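Here the numbering used here runs 30 ahead of the position in the sequence shown, where the first position is 1.
Read the hints as simulated data drawn from the structure, not as lab findings.
It should be emphasised that the depicted structure is a prediction, and the values quoted were computed from it without experimental measurement.
Certain hints may be false.
No farther apart than 20 Å at their CA atoms in a straight line, the calculated lysine-lysine pairs in the PhoX-like style are these [unchecked claim]:
1. K69 / K113
2. K57 / K39
3. K76 / K57
4. K39 / K76
5. K63 / K93
6. K93 / K116
7. K93 / K69
8. K113 / K65
9. K93 / K76
10. K93 / K113
11. K93 / K70
12. K65 / K39
13. K76 / K113
14. K116 / K39
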Amino acid sequence: MALDNIQFKLESHAYERYCERVAPVSKTELISKLKEDLKKGHRFRKGYLLIGETWWRAGWEGKVITLFTCYGRTHIDIPQAVKWAKMHRDRLRLGSYTE
């Protein structure tokens with residue numbers, strides 16, 4: 031599938047979390063960045079999408095990627111971390127630990 035034809039549907043919650051956890055940008059700028067980063071590489075597994083060092087909870091149907099929430103930039107494998115947290119009845123803490 032040609033990645034040039036992919037469209038992004040950005041839920042309000044995903045946009046707000048991106049601005050909070052990564053950087054404040056306009057929706058137009060973010061969608062442009064997502065399209066550029068998608069061409070550079072991505073990883074989609076069980077509803078988790080890694081694009082440009084940022085993890086998302088997403089759905090991918092045909093040529094449309096719907097982004098539901100943004101986990102932010104992190105070095106950890108979010109799908110594995112969520113699996114571990116569920117198994118141990120724990121939660122992930124995203125964001126700054128200095129607060």
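Quiz item: Do the alpha carbons of K39 and K76 lie within 20 Å of each other, as the hint requires?
Solution: holds, 18 Å
Quiz item: Under the criterion that the straight-line Cα-Cα distance not exceed 20 Å, is the pair K93, K69 satisfied?
Solution: holds, 14 Å
Quiz item: Does the alpha-carbon distance linking K57 and K39 stay inside the 20 Å limit?
Solution: With Cα atoms ~10 Å apart, K57 and K39 stay inside 20 Å; holds.
Practice problem: For the pair supplied as a hint, K113 and K65, confirm whether the alpha-carbon distance does not exceed 20 Å. | Solution: violated, 28 Å
Quiz item: Can the restraint linking K93 and K76 be considered satisfied, given a maximum Cα separation of 20 Å?
Solution: Since the Cα atoms of K93 and K76 sit roughly 17 Å apart, the hinted pair holds (cutoff 20 Å).
Quiz item: Taking only the CA atoms, is the gap from K93 to K113 under or equal to 20 Å?
Solution: violated, 28 Å
Quiz item: Taken at face value, is the distance from the CA of K116 to the CA of K93 at most 20 Å?
Solution: Status violated; Cα separation ~31 Å.
Exercise. Please work out if K116 and K39 have their alpha carbons no farther apart than 20 Å.
Key: violated, 28 Å
Quiz item: Hey, K65 versus K39, does the alpha-carbon distance stay inside 20 Å?
Solution: This hinted pair holds, its Cα atoms lying about 12 Å apart.
Exercise. Below or equal to 20 Å on CA atoms is what counts here, so check K76 against K57.
Key: Between K76 and K57 the Cα gap is close to 25 Å, so the pair fails against 20 Å, i.e. violated.
Exercise. For the pair we were handed, K63 and K93, check the Cα-Cα distance against 20 Å.
Key: holds, 17 Å
Exercise. Sort out whether K113 lies within 20 Å of K76, counting only the CA atoms.
Key: holds, 11 Å
Of the hints listed earlier, those the structure fails to meet are numbers 1, 3, 6, 8, 10, 14, in rising order.
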